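Asks: Listed here are the chains, written in short residue letters.
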Amino acid sequence: MVTKSTARLLIIASLVLTTAAQLMFRLGMQTSGLHEVFSHAGELDLLGWLLSPAALVVIGGIACYGVSLLCWVVAISRFELSVAYPLLSLSYISVYAIAVYWPGFGEQASITKLLGIGLIMLGVTLVATSSYKPAAPASSQA
Amino acid sequence: MEYLFLAVAVLLITAGQVMQKLASDKVAGQGPGQSIFLRFALNVEFWIAIGCLGLGTLVWLLTLSSMEVSKAYPMLSLSFVLTTIIARVHLKESVSPVRWIGVCLICAGAALMSGA
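Those protein sequence lines, which keep their order, are chains A and B.
Each residue of the first sequence is one higher than the last, beginning at 22 in the working numbering.
Each residue of the second sequence is one higher than the last, beginning at 82 in the working numbering.
Note that these hints are calculated values from the structure, not bench results.
Only a predicted model underlies this, so the values are computations on that prediction, with no experimental measurement involved.
Careful, some of the hints might be misleading.
[Unchecked claim] Facing chain B, from chain A, some residues (calculated, C-beta under 10 Å):
hint	residue
1	T24
2	T27
3	Q51
4	V104
[Unchecked claim] Calculated from the model, a selection of chain B residues having no Cβ within reach of chain A, i.e. all distances over 12 Å:
hint	residue
5	Q115
6	A122
7	G132
8	L157
9	V170
10	H171
11	K173
12	G183
13	C188
14	G190
[What the hints assert, rightly or not] Which stretches of chain A does chain B cover? Using the computed rule of at least three CB atoms under 8 Å from a CB of chain B, they are:
hint	region
15	90-102
16	108-118
17	124-132
Built from N, CA and C at the ideal position, the CB exists for glycine as well.
Using the sequences and the hints given, assemble the complete structure.
Replies: What follows is the structure in structure tokens.
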């Protein structure tokens, strides 16, 4: 289907796009989210919100997310899921780093969060490596 | 409230994954004949999976309106925990001790994050 090196690039693309998607979701939602649309019960202005800059960021995020899923599905035809899932969990670190250190987000840096992320990544790695045997064709899990 | 949104998002995303699995099992069991696309298009489980994932994404957006993404996003891994439980109880798959340890670590990590 694709060569191994293409699959490698697709995994990296998937990681980058997932990170971008989650950050765009947060950026669009924290300013004037769907949250606001729903909280004004009675005067539901979904159309007004959909035309706002915040909504465009969220829609951009959905586009990134879609392309990321596409890259992922093609990539795992050549990658074991036992490797692919732990690699994807690296996006927890990239999302954390940008959300904390980019002033536009200004999220709280914390050792507790980093410890939590570390435990979760270790857990995902154990779940993935114990569930998908290296010999099994990875495509059947897609 | 934000934890309710997070829990519903995890639930819907997990349901979507399990329905995907049921859909592809059914399609694989049908043997050749129709095209693979048509077989998925006529598959109820496939459309339920799409619906769950779409709705899950919407609830996930609501979660992010009131919760930091650096905190909420890693907790989406709780879907691995639910998937494991469903695979064991409903799909009767065998689950290795190492996988249970992984599940416990994800729970511990999420519990730690919730206090951050």
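Asks: Each hint needs a verdict: does it hold in this structure or not?
Replies: Quick rundown of the hints versus the structure:
The closest approach between the C-beta of A/T24 and any C-beta of chain B is roughly 23 Å, which is over the 10 Å cut-off, so the hint fails. Interface hint at A/T27: violated, since its Cβ lies 23 Å from the closest Cβ of chain B, which is beyond the 10 Å cut-off. With 10 Å as the threshold, the beta carbon of A/Q51 comes within range of chain B, its nearest partner Cβ sitting at about 7 Å, so the hint holds. For A/V104, the interface hint is violated, the least distance from its beta-carbon to any beta-carbon of chain B being 15 Å, above 10 Å.
Once the 12 Å rule is applied to beta carbons, B/Q115 is consistent with being away from chain A; the minimum gap is 20 Å. Every C-beta of chain A lies more than 12 Å from that of B/A122, the closest at about 17 Å, which supports listing it as non-interface. Annotated as non-interface, B/G132 keeps its C-beta farther than 12 Å from every C-beta of chain A; the closest such distance is 16 Å. Residue-level check failed: B/L157 sits 9 Å from the nearest beta carbon of chain A, not beyond 12 Å.
With a least beta-carbon separation of about 16 Å from chain A, B/V170 lies farther than 12 Å from that chain, consistent with its non-interface assignment. B/H171, annotated as away from the interface, keeps every beta carbon of chain A farther than 12 Å; the closest lies near 16 Å. In this structure B/K173 is separated from chain A by more than 12 Å, as the shortest Cβ-Cβ distance comes to about 15 Å. A beta-carbon of chain A is positioned within 12 Å of the beta-carbon of B/G183; the least distance is around 3 Å.
The beta carbon of B/C188 is not kept farther than 12 Å from every beta carbon of chain A, the shortest such distance being approximately 8 Å. A beta-carbon of chain A comes within 12 Å of the beta-carbon of B/G190; the shortest separation is about 3 Å. Coverage of a stretch by a chain is defined here by at least three residues with a beta carbon nearer than 8 Å to that chain's beta carbons; for the region 90-102 of chain A and chain B the count is 0, and the condition is violated. Counting residues of the region 108-118 of chain A whose C-beta lies closer than 8 Å to any C-beta of chain B gives 5; at least three are required, and the coverage claim holds.
Counting residues of the region 124-132 of chain A whose CB lies closer than 8 Å to any CB of chain B gives 4, so the stated coverage by that chain holds, three being the minimum.
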